[in-house]
Amino acid sequence: GENVEQHPSTLSVQEGDSAVIKCTYSDSASNYFPWYKQELGKGPQLIIDIRSNVGEKKDQRIAVTLNKTAKHFSLHITETQPEDSAVYFCAAIGVSGGYNKLIFGAGTRLAVHP
Amino acid sequence: DAGITQSPRHKVTETGTPVTLRCHQTENHRYMYWYRQDPGHGLRLIHYSYGVKDTDKGEVSDGYSVSRSKTEDFLLTLESATSSQTSVYFCAISDNPGSRLYGYTFGSGTRLTVV
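Protein chains in written order, with the working numbering: chain A, 1 to 114; chain B, 1001 to 1115.
Rather than coming from a laboratory, the hints here were simulated on the basis of the structure.
We put the CB at the ideal spot given by N, CA and C, even for glycine.
Any given hint could be a false lead.
Covered, in the sense of this in silico footprint (three residues per stretch, anywhere, with C-beta under 8 Å from a C-beta of chain A), are these stretches of chain B [stated by the list, open to error]:
1) 1036-1042
2) 1045-1056
3) 1106-1112
My request is simple: use the sequences and hints to build the entire structure.
Right, dumping it as structure tokens:
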């Protein structure tokens, strides 16, 4: 089945710097890769996603890139702000039992220091 | 959280007791999922449902059972709680139209402590 690895597990940056989180996946048939942000005491929320027919997608300060050949995708946050501090999860589609399910990476705790 | 409610939000229980967590949705989504979140492991799938009375196991299903008698409710039961089941439990819903392209909406979570 699908396996997703995420690095780094923790990331500390200064306000205004960029942050990059990387994920690899194992199932070459996966074609949907969402990113979730989890703030303290809350459930994860979808912030951006990318589909396998696209190499890059941007939404204001966040962007996601996908390299299907290498089976990895990355989240880029530019001009980081303290409110970007959270845990970020990448995910990829896994199919077993005939139904699609999201398989998540272990998460990255991002701290943005003023 | 977009029409998804988990209850209770917090629970402390003793080892060996049964525990039931509830997920309720008002979105009429077909698919519902239970995940547990533990440090270093991210979100791991326990069980999922693809319709009323249709459920299947995820990657960490041992010690858990589920039921879905109505579209809106998905129950997770720990038949005999153990300390290893201390975790934060999240429910998620999806309207998966049969495509492989979809995302989840998560509830706010239930923090369960087994002492």
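Against the structure, the hints:
no., hint, verdict
1, 1036-1042, "holds (count 3)"
2, 1045-1056, "holds (count 4)"
3, 1106-1112, "holds (count 4)"
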